[in-house]
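Undergrad: One-letter residues, chain by chain:
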Amino acid sequence: MTTTAIQTPPTAFTTLALDNWKLAIAGGLGVSISACLAMPATSSFWVVAVMMALVAVTFVVNAFRRHYYGGLLVSPAIAVLFVMNIFPLLWSLGLSFFSYQSNQQAIRFVGLANYSKLLTDDLKAPELWANLTNTAMFTVLTVSVQMVIGFLLAVLFAKQFPLRRYLLILVLTPMMLSVVAVGVFFSYYYDPTFGVISQIIKAWTGEQFILFSSKAGAVAGIVFADAWMWSPFVMLLVLAGLVSVPTYLYEAAAIDRVGSWRRFWTITFPYIRGLLMLALLFRTIEAFKMADLIILLTKGGNDTMTISYHVIRIANEQNKTSEGAALSYLLLFVVIVLTNLYLYIANRRSQGN
Amino acid sequence: MATSMTIWEKLGFRKASRVGEAGWGHTLWAALVSFIYFLPVLIIVITSFKVQNEALSVPAKFFPTSFFGLIPEQYVFTPTLENFTSVFSRAFTTGGAVENTGFDRYFFNSMFIAGTSVLLALVIGTLAAYGFSRYPLKGNDTYLFIILTTRMLPAIVVIIPIILMFRIVGLSGSYPGIIFLYTAFNLPFTIWMMKSFFDELSLDVEDAARIDGSSELRVFFKVCLPQVVAGLAATFVFGLILTWNEFLFALLLTGSDTRTVPVAMNQAVAGGGIGVLWGLLAAIETLFLIPVFLVTFFLQNHLLRGVTFGTVKR
Amino acid sequence: MKYKTRLKSFATALSFVSLMTVGGAIKASAEDVVLHMAVPDWPPTRIMKDMFDREYKPASGNKVTLDVDFIPWPDFYTRVNASLTSGEKKYNMAVSDSQWLGAFIEGGYFRKINDLIDADPDLKKAMDGMHPKILNAYSTYPNSTANYYGFPQFPDILVSYARKDIFCNDEEQKNFKAKYNKKLPCTGEEFDDVDWELFGNIGEFFMRKKGDMLAGKPADDDFYGVGFQVGKGYDFSTSSVNSFIWQAGGDIWDETKAPDGHAEGQVNSDVAVKALDHMLSFIKYMPPVAKTGTMDIFKTDELFRAGKIALNVDWVGLGEASLDPKTSQVADKLVFGMAPGTRGADGKLNRTSQIGGQPFVLTTWNTDIINKEAVGFVKWWLSKDVQTEYASKGGQSAIKDVYSDPKYSTYRPWNRTWASSLDYQKDMWHVPQFYDLLTQQQDQYDLAITGKQDAKTTLDNVAKYQENLLKEAGLIK
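Protein chains in written order, with the numbering used here: chain A, 1 to 353; chain B, 1001 to 1314; chain C, 2001 to 2477.
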């Protein structure tokens, strides 16, 4: 940062040079598009790949010649993310404007028809809204439960005490389990005949207990399993914040006889706020994608269908690739809006304080 | 205010000013909570020692011994190690020959693939995080946000393009393919975490080193990196936990030679012309838990320190 | 720097290990023929692979290897579907549920085998030797036409699993007679003659609470009368509902009548509504899990093996586990009969039933030599000796010569019902829209099964959806 890079003037757009990335993009785009139109899929893929590599090289050479260390350091990560994430994302975004089923050869451009069908069709629109509502409900419930449980657990482990190391690892274990095992074993815990929960309730009340006989029960069961698995994640982040509070602050507070609530809000909370926000952000993103636990526990029965599960059905089982892609971009839109809203609020809060 | 303190005292806030001094009373309380929290895992572990018929007994059998008659006989099962040997070799048909199940291979695959890709993501991600932190680009936050966006879509959406891509390049079913993919899968989290670590470092030391004539490379390796070792450990553990149990990509992009345990685990969910093989599934999960459990346990202190160090002291 | 050394040693170990694998991955000579096959991981396919490795000698003299990818059942469709539709061209042969045929044939992945059959008299003989109902279900697309695609891997039917110790108990026999004035079935032949009415009586009769007397002893846990699949996953309620509708004289949307047949009016006909109601009436005699919509073929089997159900209707393919004392608490107390049917005016039972099991198919990208060796393998597989050995090890055969041999019924206790049950087997749709039709229907049936919707509304919704979808697809005019 303190080093001053020697500025080499930018290459003119028309010059044929290895650091002329603008020309490379323009040329690459042109060649790629004509290749896609003229050549079969496999060979055009290679052409596009070569063009992308060319653009990448010009970027790197450009950064190197002009000492943009930032660009050089970032480029491997960007390259990997571009190839493995962003490129497939753009591909599927493109597919969402076509009528394409992966098990059929025909492909046809339909513009926004997939989107408008999802939003206005008599059968599909109500389904979409129902699934969105369920997804929102699951997200709010499971994330808030995780935040509360994670927070309380963190408070419990915030101090040094004998055997803390060994007890902490027990609490961290659930998030290391495979979701298949968690789903299958929770379906056993919830089973009305074999399940431990039903057995205990039956021994207590004498009544047959069926957790999944109502929507409330099914939602509770799914949220419980998910929150159990991921509260340790929240706990770990919060715990990190709690143990980082310098002890002299507490000592000063003790001398000033500050009440415990006030002590929490003025001393402890500022240290964990950032981490709580980070935990909230990551858990919300994951909760929006919730599907596998539902597949394993209820198969979407009792009105527990979520968007993500619906996408799996459409895109995988029914092979409606385009429709599935369109649906997930609607989902992505919702998540991006929410995340931005959240980042905006978080930033304003931290500036306000 | 004295009355309102009690709840917080119970939650352990009372002695927060003197860290390290909570006693065995607190341990007892924490042990109780941890035990309840761990119970579902414990049942899985216990089930791994049961034969199929006892796994689903009503009432459920929880105890491997009767503790000299203390526990009524109906709650006691006969522990067996059969499930653990069955993970690696068993007869697939009634009366058939005992065969290798391939799980030795699957365990190796899981460790190799997860280990390599998390390390790779750590290397690439740390470089990028350092770049984002020290040499902010125009629109730095936008780039960081886009990187996060790649984790927001259900994986099933990108899977078809990725399969197509892998097929053309010839990567499907190979180690490099899935490792490369998992590296990308881990990058967003790695970059976000490592960037916050670098953001916290004091620039004075680095500048001093530069004035002494150290090259940028030397500053990075000799000055910055040693300061974030704890952060590296924390990021490694988080990445490992997420990659270890990844299912969908592994299912679709690994072949029979490169298959990982989460995929193969379904052998025990509806495998041998029977529903769930409870003991076997529990044994696979128990064995599969051990490596990541140990890594987390031994890196635990860095984990706490690392996360703290990175994201709090703004 | 402790971490550094640790990281270093870890990295060294990793690079060492990766070198080892690269070394091990180099494959041997390319002149041999390798048949890549995708199969679900379960005994019938394991037996096939095992027999191939030990016994198969190709007539061509080539060295033929069967490279089988055993994929766990729950992910089988996802894996195979992704492999086929992505154009990976990885498999030369694949096991496929019969319902998937249309989707994958229209996609151009499954190879039509008429030319291979015509060119090879031995293969033709083998195909002709198959039970026609099985041939239709496993091999034809459009359904029941002379376009052939598949060979049976494991044919499967529904049978009744019953508890001998309970049904043959004198006390229970006497009480049942007193209550319903009917004989409580005890032998296999008597179970063959169970109609749904008697099935309902049995269900009602054997509902016992913990501590009630059951076959002369107090029951150690709640006990339930009957069970069959009524789950929301895959086709686990459709299979049951289809049988009920067919037996009542109704029909599902019939693709053989396309494009003139309709879904509306047929799918939700009064007969069908009554049939669905009839099926729903048995749920109260099932274990409570049935009311949650998760009673699939595995759950009902598990409950039966744990000794919680008196009479269970399930696939033969899950039978081995109930005979094995390691996995079954009722292993020595079993009797098997044909699946129940509906008694007609003539007193005869209509047993029309959803067929189970899977064919396997060839893929379109196979080279001539692969095709030649694959046909050689199929001929070997369908030959009498091989099928007989397969059946003796727990497989099932659709080849007439094999199952009509009196020895066949001795291999497994349910084999007695095999030959006579085959005549009644029928399959659901083979059209490419199969999964679309199925999921919507399963969702609707689930609402009926969990008591949230009546039979009429359910079938109206199904019919409306199917009519729309199939019209769009051009299968209904």
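No lab work stands behind these hints: they were computed from the structure.
Just to be clear, a hint being listed does not mean it is correct.
[Said to hold, decoys possible] With a cut-off of at most 20 Å between alpha-carbon atoms, the simulated EDC-like pairs for lysine to aspartate or glutamate come out as follows: (1) C:K2049 <-> B:E1099; (2) C:K2090 <-> B:D1257; (3) C:K2182 <-> C:D2346.
Model, not experiment: these values are computed from the prediction.
Undergrad: Each hint: holds or not?
TA: Outcome of the hint check:
1. Taken as a hint, the C:K2049 and B:E1099 pair is honoured in the structure, with Cα atoms around 12 Å apart against an allowance of 20 Å.
2. Between the alpha carbons of C:K2090 and B:D1257 the distance comes to roughly 14 Å, so the proposed pair stays at or under 20 Å and holds.
3. Taking the CA atoms of C:K2182 and C:D2346, the gap is about 19 Å. The hint holds against a cut of 20 Å.
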